[in-house]
Amino acid sequence: MYGINKEQALIMHIDLNSAFATAEQQAHPSLRGKPMGVTNRISKECCVIAASYEAKAIGIKVGMRRTEAMAICPEFVLLETDPPKYNAVYQKLIKIMLTYSDKIKMKSIDEGIIDFHGMEHILNGRTLEDIGYEIKQRVKTEIGDWMKINVGIGTNRFLAKEAAGWHKPDGLDKIDHTNLIKYYKDRELTDLSGIAERYGARLNAYGIMTAIDFLEAPEYMLKKQVFKSINGTYWYQRLRGYEMDDHETSLGMVGRQWVVKDPSDKDEYLLPCLSFLCETTGMKLRYREVEARGVAVWVSYQNGEYWHQRRMHKSTFYTNQEIYRRALELFNKRPYGIVRTIGIYTYTLTPSQVSQLSMFDDITKVRNITKAVDEINDFYGTFTVYAATSLEGKKIIKQKIPFGGTEYFELLLKS
Amino acid sequence: MDPTIQINEIVDVVPIFRGRASEINVCTPWKMKYGIHEIVFTKLGMRHPTAKGKRMIHVFDVSDGVNDYRLELDAERLIWTLVSMVEGSS
Numbered sequence: 000m001y002g003i004n005k006e007q008a009l010i011m012h013i014d015l016n017s018a019f020a021t022a023e024q025q026a027h028p029s030l031r032g033k034p035m036g037v038t039n040r041i042s043k044e045c046c047v048i049a050a051s052y053e054a055k056a057i058g059i060k061v062g063m064r065r066t067e068a069m070a071i072c073p074e075f076v077l078l079e080t081d082p083p084k085y086n087a088v089y090q091k092l093i094k095i096m097l098t099y100s101d102k103i104k105m106k107s108i109d110e111g112i113i114d115f116h117g118m119e120h121i122l123n124g125r126t127l128e129d130i131g132y133e134i135k136q137r138v139k140t141e142i143g144d145w146m147k148i149n150v151g152i153g154t155n156r157f158l159a160k161e162a163a164g165w166h167k168p169d170g171l172d173k174i175d176h177t178n179l180i181k182y183y184k185d186r187e188l189t190d191l192s193g194i195a196e197r198y199g200a201r202l203n204a205y206g207i208m209t210a211i212d213f214l215e216a217p218e219y220m221l222k223k224q225v226f227k228s229i230n231g232t233y234w235y236q237r238l239r240g241y242e243m244d245d246h247e248t249s250l251g252m253v254g255r256q257w258v259v260k261d262p263s264d265k266d267e268y269l270l271p272c273l274s275f276l277c278e279t280t281g282m283k284l285r286y287r288e289v290e291a292r293g294v295a296v297w298v299s300y301q302n303g304e305y306w307h308q309r310r311m312h313k314s315t316f317y318t319n320q321e322i323y324r325r326a327l328e329l330f331n332k333r334p335y336g337i338v339r340t341i342g343i344y345t346y347t348l349t350p351s352q353v354s355q356l357s358m359f360d361d362i363t364k365v366r367n368i369t370k371a372v373d374e375i376n377d378f379y380g381t382f383t384v385y386a387a388t389s390l391e392g393k394k395i396i397k398q399k400i401p402f403g404g405t406e407y408f409e410l411l412l413k414s
Numbered sequence: 000m001d002p003t004i005q006i007n008e009i010v011d012v013v014p015i016f017r018g019r020a021s022e023i024n025v026c027t028p029w030k031m032k033y034g035i036h037e038i039v040f041t042k043l044g045m046r047h048p049t050a051k052g053k054r055m056i057h058v059f060d061v062s063d064g065v066n067d068y069r070l071e072l073d074a075e076r077l078i079w080t081l082v083s084m085v086e087g088s089s
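Here the protein sequences line up with chains A and B, keeping their order.
Per numbering that gives the first Met the number 0, the very first residue in the first sequence carries number 0; after that it's consecutive.
Per numbering that gives the first Met the number 0, the very first residue in the second sequence carries number 0; after that it's consecutive.
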């Protein structure tokens, strides 16, 4: 009736439970079983970026401010992030996953996919559930006895992720044509991965109130009315277990944002921080071997207002100084106010042309000095040599953990 | 709050190198002399490599059953540093 995919479920989603917090509890036996979390840099207004299951059980959530968490539990322990530790866990998890299939894809630092299509022969009659339990055990043996993972199995990435979140923590579930409808019947719309409040409200406006309503919605309606794009068809297929997400995304922008440690309207405080953000943006650009043509700066203010400006340039740029000069031009046009968040990003990215010979001496000099500084920083650690304009910013801003992707992890570890 | 106490002192450590062990347990610090105290480690929480520039550092998070200690072995200079400790409740 629903046109559900009846293929064998061969996608496995692996999700480390509360990854950073659990890694800290693994490293610190005295913190096991206690409400704890991690933050980028401890300050009065810092946020919890990962919370242990014990902390979540008493209502401490990711994104909550330290003061709010302490009000819930005065004994709440907050540690600063330790990227090399999380990288070690990440690398070991990849190593385990690669022993089952070379078709793995890390979605972020704490979750990844194993695609078993074409690997049926190595299963030797074992089911994917057997493999899942084996991976769970190997994580405990090879990474640490406190580490727990959720394993989800499905016919596509979406269902595998849903299955991984079905019984947290330490769960293992499979969703296929035999139990898919039952699964949706127990779910709210916003329980589904990829459906947040905004999409939820849009679906509600068309009478789609639950996950099972979403499954029952006609494709035409989703495509022409609800999503008003091909996304409607994608969702129609995705919900039925057909693969819609096996594609590479292209690099659209590179940048960095920062929640100002002590919100301020003073240039002498904000400019060194902007300069530092431009340095990290430049490093990321060169790391990805691209150059940019556009630069944008945005600011959110203490009073809730928001300002944004962008500019496209004729020529490409990639050095920290060029990014800062262009960003500064925009930043100086901002309306007055106490700045709470600063963001900068570069866009319209093209492959780097650094290796091409230039006819102009000054361009060659800039290339050479940038290359030399990058090599020094690569050898002695990031920010061994950096611009004087970033001096004060470097003392204030900490390099942060990349949550969304793992592209810059190597870069972060050098700092 | 953050219970970490920063120490950053070079210490004497007796490690154990096991010939036949899983990768996680090949080398574990056994005991450490810190001031007048001799601390015997009963649990290895985690070991992970990191780098200071191009210098390889092995980080060992260990416990004596009450407190947690972060020890770093500088693989180039072969020096052990007690970086920090977290006081647990006995």
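These are computed hints drawn from the structure, not numbers from a lab.
Backbone N, C-alpha and C fix where the C-beta goes; we use that ideal spot for every residue, glycine too.
Hints should not be assumed to be uniformly reliable.
Calculated pairs, DMTMM-like style, for lysine to aspartate or glutamate (alpha carbon to alpha carbon, straight line, at most 20 Å) [what the hints assert, rightly or not]:
1) Lys51(B) to Asp264(A)
2) Lys33(A) to Asp63(B)
3) Lys42(B) to Glu141(A)
4) Lys53(B) to Glu374(A)
5) Lys364(A) to Glu391(A)
Below, a sample of chain A positions facing chain B; criterion: calculated Cβ distance under 7 Å [what the hints assert, rightly or not]:
6) Gly32
7) Ala70
8) Pro73
9) Leu77
10) Ala87
11) Gly380
Hint by hint, here is what the structure shows:
{"no.": "1", "hint": "Lys51(B) to Asp264(A)", "result": "36 Å, violated"}
{"no.": "2", "hint": "Lys33(A) to Asp63(B)", "result": "18 Å, holds"}
{"no.": "3", "hint": "Lys42(B) to Glu141(A)", "result": "15 Å, holds"}
{"no.": "4", "hint": "Lys53(B) to Glu374(A)", "result": "12 Å, holds"}
{"no.": "5", "hint": "Lys364(A) to Glu391(A)", "result": "27 Å, violated"}
{"no.": "6", "hint": "Gly32", "result": "11 Å, violated"}
{"no.": "7", "hint": "Ala70", "result": "13 Å, violated"}
{"no.": "8", "hint": "Pro73", "result": "9 Å, violated"}
{"no.": "9", "hint": "Leu77", "result": "6 Å, holds"}
{"no.": "10", "hint": "Ala87", "result": "3 Å, holds"}
{"no.": "11", "hint": "Gly380", "result": "4 Å, holds"}
Hint violations for this structure: numbers 1, 5, 6, 7 and 8, all remaining hints satisfied.
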